[in-house]
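Q: With chain H's structure known, arrange chains Z, Y and F on it following the hints.
4 protein chains.
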Amino acid sequence: MEKLRIGLIGTGYMGKAHNIAFKACPAVFPLSASIECEMLAEVNQTLAEQKAKDLGFNRATGDWRSLVNDPDVDVVDICSPNYLHKDMALAAIAAGKHVYSEKPLALNAVDAKEMTEAAEKAGIKTLVGFNYVKNPVAQLVKEIIENGEIGNIVHFRGTHNEDYLADPNTPFSWRLKRELAGSGTLGDMGSHIINMAQYLVGDINEVVADLQTVIKERPLLSNGQAENNNQYAKVENDDQAHMMVRFSNGAIGTLESSRIACGRKMGLTYEITGTKGTIVFDQERLSELQLFTNTDPSNRQGFRTILVGPEHPDYAAFCVASGHGLGYNDQKIVEVRDLVEGIFADKPMWPDFRTAYEVNKILDAAELSYKESRWVKLSEIE
Amino acid sequence: MEKLRIGLIGTGYMGKAHNIAFKACPAVFPLSASIECEMLAEVNQTLAEQKAKDLGFNRATGDWRSLVNDPDVDVVDICSPNYLHKDMALAAIAAGKHVYSEKPLALNAVDAKEMTEAAEKAGIKTLVGFNYVKNPVAQLVKEIIENGEIGNIVHFRGTHNEDYLADPNTPFSWRLKRELAGSGTLGDMGSHIINMAQYLVGDINEVVADLQTVIKERPLLSNGQAENNNQYAKVENDDQAHMMVRFSNGAIGTLESSRIACGRKMGLTYEITGTKGTIVFDQERLSELQLFTNTDPSNRQGFRTILVGPEHPDYAAFCVASGHGLGYNDQKIVEVRDLVEGIFADKPMWPDFRTAYEVNKILDAAELSYKESRWVKLSEIE
Amino acid sequence: MEKLRIGLIGTGYMGKAHNIAFKACPAVFPLSASIECEMLAEVNQTLAEQKAKDLGFNRATGDWRSLVNDPDVDVVDICSPNYLHKDMALAAIAAGKHVYSEKPLALNAVDAKEMTEAAEKAGIKTLVGFNYVKNPVAQLVKEIIENGEIGNIVHFRGTHNEDYLADPNTPFSWRLKRELAGSGTLGDMGSHIINMAQYLVGDINEVVADLQTVIKERPLLSNGQAENNNQYAKVENDDQAHMMVRFSNGAIGTLESSRIACGRKMGLTYEITGTKGTIVFDQERLSELQLFTNTDPSNRQGFRTILVGPEHPDYAAFCVASGHGLGYNDQKIVEVRDLVEGIFADKPMWPDFRTAYEVNKILDAAELSYKESRWVKLSEIE
Amino acid sequence: MEKLRIGLIGTGYMGKAHNIAFKACPAVFPLSASIECEMLAEVNQTLAEQKAKDLGFNRATGDWRSLVNDPDVDVVDICSPNYLHKDMALAAIAAGKHVYSEKPLALNAVDAKEMTEAAEKAGIKTLVGFNYVKNPVAQLVKEIIENGEIGNIVHFRGTHNEDYLADPNTPFSWRLKRELAGSGTLGDMGSHIINMAQYLVGDINEVVADLQTVIKERPLLSNGQAENNNQYAKVENDDQAHMMVRFSNGAIGTLESSRIACGRKMGLTYEITGTKGTIVFDQERLSELQLFTNTDPSNRQGFRTILVGPEHPDYAAFCVASGHGLGYNDQKIVEVRDLVEGIFADKPMWPDFRTAYEVNKILDAAELSYKESRWVKLSEIE
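Protein chains in written order, with the working numbering: chain H, 1 to 382; chain Z, 1 to 382; chain Y, 1 to 382; chain F, 1 to 382.
Everything labelled a hint here was simulated from the structure, so no lab data went into it.
No residue lacks a Cβ here, since even glycine has one placed at the ideal position from N, Cα and C.
Careful: at least some of the hints might be erroneous.
[Stated by the list, open to error] Output of the computed footprint for chain Y on chain F, the stretches with three or more beta carbons under 8 angstroms from beta carbons of chain Y:
id, stretch
1, 61 to 69
2, 152 to 158
3, 205 to 214
4, 271 to 279
5, 289 to 301
6, 367 to 381
Chain H extracted, bound-state conformation (with noise of 0.2 angstroms):
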């Protein structure tokens, strides 16, 4: 059997979840080949060994640029934030290998499309970490909407909101400075349901989009702890976004996203409206949807709650009892039995480079939109 050796970079947040798919992936689906954590890449390399050795990877190394040019790498898994994506895509295409990069790809669509034409041009295969579309739920979507059951889309209204921003002595990081995060929650969580409208409804022609940032400055930590002298740092990037959208086949739409709503965890939710039924979601109820179709008897129509199970995409792997609830992380292993699959047996993958580039021109229309308070064609965006 053929063996998929992951060169991963970066250990936080996605960098565990990766691992996790990596490891529990051979045991959910069966695959085209073995997946081998090879080799791994933190900012130093004792804290990449250390990584390593609780991960479970056979190598470690403080240099980045090692690992994309490391033989024994297939594939790299860019778990870093975002100002870092496109030097190491760029690196890794350069090396031949294989990319699975988490989102956004970059920080604006005119690096995106560089590194889009790059893999393109090598002939490598990239994969871009949108996993909320690999939810089985999100299959049987598209499947419903395939099939024509609530006909023609008329609708779509999403959002991707969170809290974890509310707060406003919650420190400076990162992701609040334009250079290192790009836009603000408009890329970080709005790209996600962005990307939802793309694979579910399809292409956007034509944005208007309102940003606002709330709150202007947050405390800044000096080694990890708020400093005493109550220094404040400027918050670069929005807070909280909205947008019209004109999808091309018609359809209209409302997009939301927030990093400061009270109260919402995981509050990627859309609802879809056609003209023989509608479609309900909530991720933070990631294992149901709820379906209207007109074609039940009228005294009986009604939202139904579809609990997945294995007659529905994907989720048999998992259990073959239905309703028995699928969660986060099996997102990701379906996202990672894509990538395996891709490389090995030639299955499609998707969201690859060129879609997450259509995301990113999506968010700088929305930006340009913004600054000049007009609707902005996608065809306007590079």
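A: Just chains Z, Y and F now, with coordinates in the frame of chain H:
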């Protein structure tokens, strides 16, 4: 005890709802005056007399102008189609009668302004039937906000979606004709969610809107029957209306209305996010609200479902026990209480014509925004 | 048009609810007779006169026996504490009056039998106020079952839980005294869920029960104030009542009632499982039900939320649009419609005294079962 | 680092779930030992070898006894049908191996006692796979109760209902045969809700039960196909099981299990009422709980939905962000963590054989109660 003598114009859906409220209100609330169902106007004398008998009114007329000028009518209650509101209200004001009108107040802001100024000049009392703000739960939400329990409001998302025109075979009606109805779902149901935003968040300063007519034409009826010859009439106003808004207090929001939202029967919903908490409401569960506050211990936080009860505004008059549930007509009963107490106890009457005129301005701003593809300031609208 | 002249005894919680229904019912439903609020009885003449003025009754008396025998009273409406129902009903029956009584009908089955037989012998009409079966949603549930949409019923789980006595400092009242109230939550709220089971599933043949008084004593009030001297009275009936039941159609079930169920305000709930589907209802969301049927395609099955609307029983009279919501008092309006139509149009009146007597038998069987720690057949109870 | 070498018997539904947990657990939790998937037993050598390859085990055997006695197996993991648990566990204990067994532990209390005493005498460690108590939400519920946040428990209502046998055409299987499975839904799923009651409320002293086989016979399969000749086999155990229970701490409750509950896919639910609050849980939404406490201000009380997060037990190892959701397999990962830490760090291992024996006693008491139509004290059962 004094009497409030009602002159009701129109006995359709809303006329019946008003009548239920006139009859039940004195049994629910202690009132400063009794209510006399004095006179009723319909499109002809025969129908008017039949309806007067059915609804328990003393007298009937086929001519609304004679009702408006009748010396034994104290308040004119306008439950006719939108395009008639203006003439009826102006005539009632001219006759020195108080006016209780259904919404939207007028076909446009210019008309609404004329009506408002006439009413204020005449010193008569006005009340407009945006009944959802009368729901004790809406009053409780306002109380929570005014107490500062969710901090400063930063975000409002509101919808009023229904599906009563989702079926393309539903025939053409006056609501789809611009000169009779004005805008489409924007004015019909959108006006409700706009009024709710005014009530709970405050003035809207700026708006950008997207409007869409999805079902472009509908079958014409002849004598209440669909014609054999498949005649269709062109739909002249919007099926879907989206808006992004900016409030004068700095909050931003999205408003949305649809009359083709499959599965939504009374989809007036809102989510209000503040710096300390969030409120979620859905009119399909009109007797409850969801409240999240960050003052709960961090490991015990969550949205709590508060069932309306006797400790909340106006509920105890309906039932002394919590959670027993209020219905649609109960909101109208509160509204009628406000009508009686506004006139006889000089209590504030809200929403009055001036408030409803503000709603009409927002509707006009939304239409202008859509036409010119840009943000429109409310100060641009007369 | 004929008149139904009401004689109301008792103006507390239920007396007010009845009066709202008397006033609103003719505006909601077309009726075969008008309703005249003729006479009202309270514990003394002064209170009676005050209440007659408040509630809009023509006459008042401090002596319920004079009301019962008044020639201008057609129906005696009993809203007094439980222990008085028997004498009042028997006197009304003796005077040839129809009787509309609150529940439970009597303190025990022996009394209920006497009342039932007297009523049947006299040929008068009876109606008992188990109003939750009048909810259009409950009627819809019955329709679904009778249509065979969920197949044969195999299981019923019902509760009626509230928390109005959850606080041990809530003072002693007549409801806690056996000779005034009979059993505790078993008869007070348990009788509602028993009646619902009768309505929806059918006769109960056998029962085993567990009863418990959790809060053994409560503070005594003197003149409506908690005494300084900390006097307590012993609670004489159950705070919690559990039952397992066997229906005559072979279904089995559990019934449960509590008056100390923290957080439950109107916790009348039921789940009915059939061989083809399941229905779930919660009175705290009284305008909706959940329906699962196995006739949906296997990969699209789920519980659907049906919002009550004009295609369902009795709703259209309240509102022509779906999902606008009914409230507690609306159930009493349906009940009063049944009272009027039962008397003037000879429509079936249900639940009548005989049905309520069956409820009392089940209450007695439960108490006997608990006392003797065994299953009790209903045929053992007189 | 030390190793825990697993010997897995049975590779069906549960065997696969165990294997996912073995592989993922070290990536989720820091462990005191590594996990080696050493040996696997199936019904024959061929199948065993195929499965070992699929599941990533080192070695395979067609004879479970050789696995049990293999010197390189440290723990025997029993995922076989119920009737085999006893022989396998006794053999493993005799060989000095720790035992990790699926539930119910045994076909009856007598067997469970023998197994428990053997294990305790041998000093080996035991763990029984009642995985729902491992859900971080269940742990949080226990924490809330132990903190006294809902006061003293007075009531427990628990269910474990599914519909996997609701269709009468679902063929006969070993689960329906008494000598292979023991009781029906009572032992299969009822044992889960009994264990949950033990975990959260405490010991059960007394029980009265009602059992019912609704679908009396089912089609026989030959070679996995329904026979042409319509052969049916008699169902030998219960489809529905109801119980009323009395706990040693004075609380009372109802327990219910069904395998024919249309629409219920993972219907393990409970409601726990205390003197100060109430907790509601539904395994179909396994990452949340509802909490009501009467310490909230009286006009702001309500059930709040708490989404599990990193401030709650064991969640942070899966994800550092709140509300991202756990799945069915994650519970098994916690269970395996407990297995490893129980053995290598001498942490308490629960539920062990003794606890599972108590469950078996309650199952036996329920069957005796049903047979003799009476309350049965647990002290009556060996």
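Q: Against the structure, test the hints numbered earlier, and report the numbers of the ones violated in rising order.
A: Per hint list: single violation, 1.
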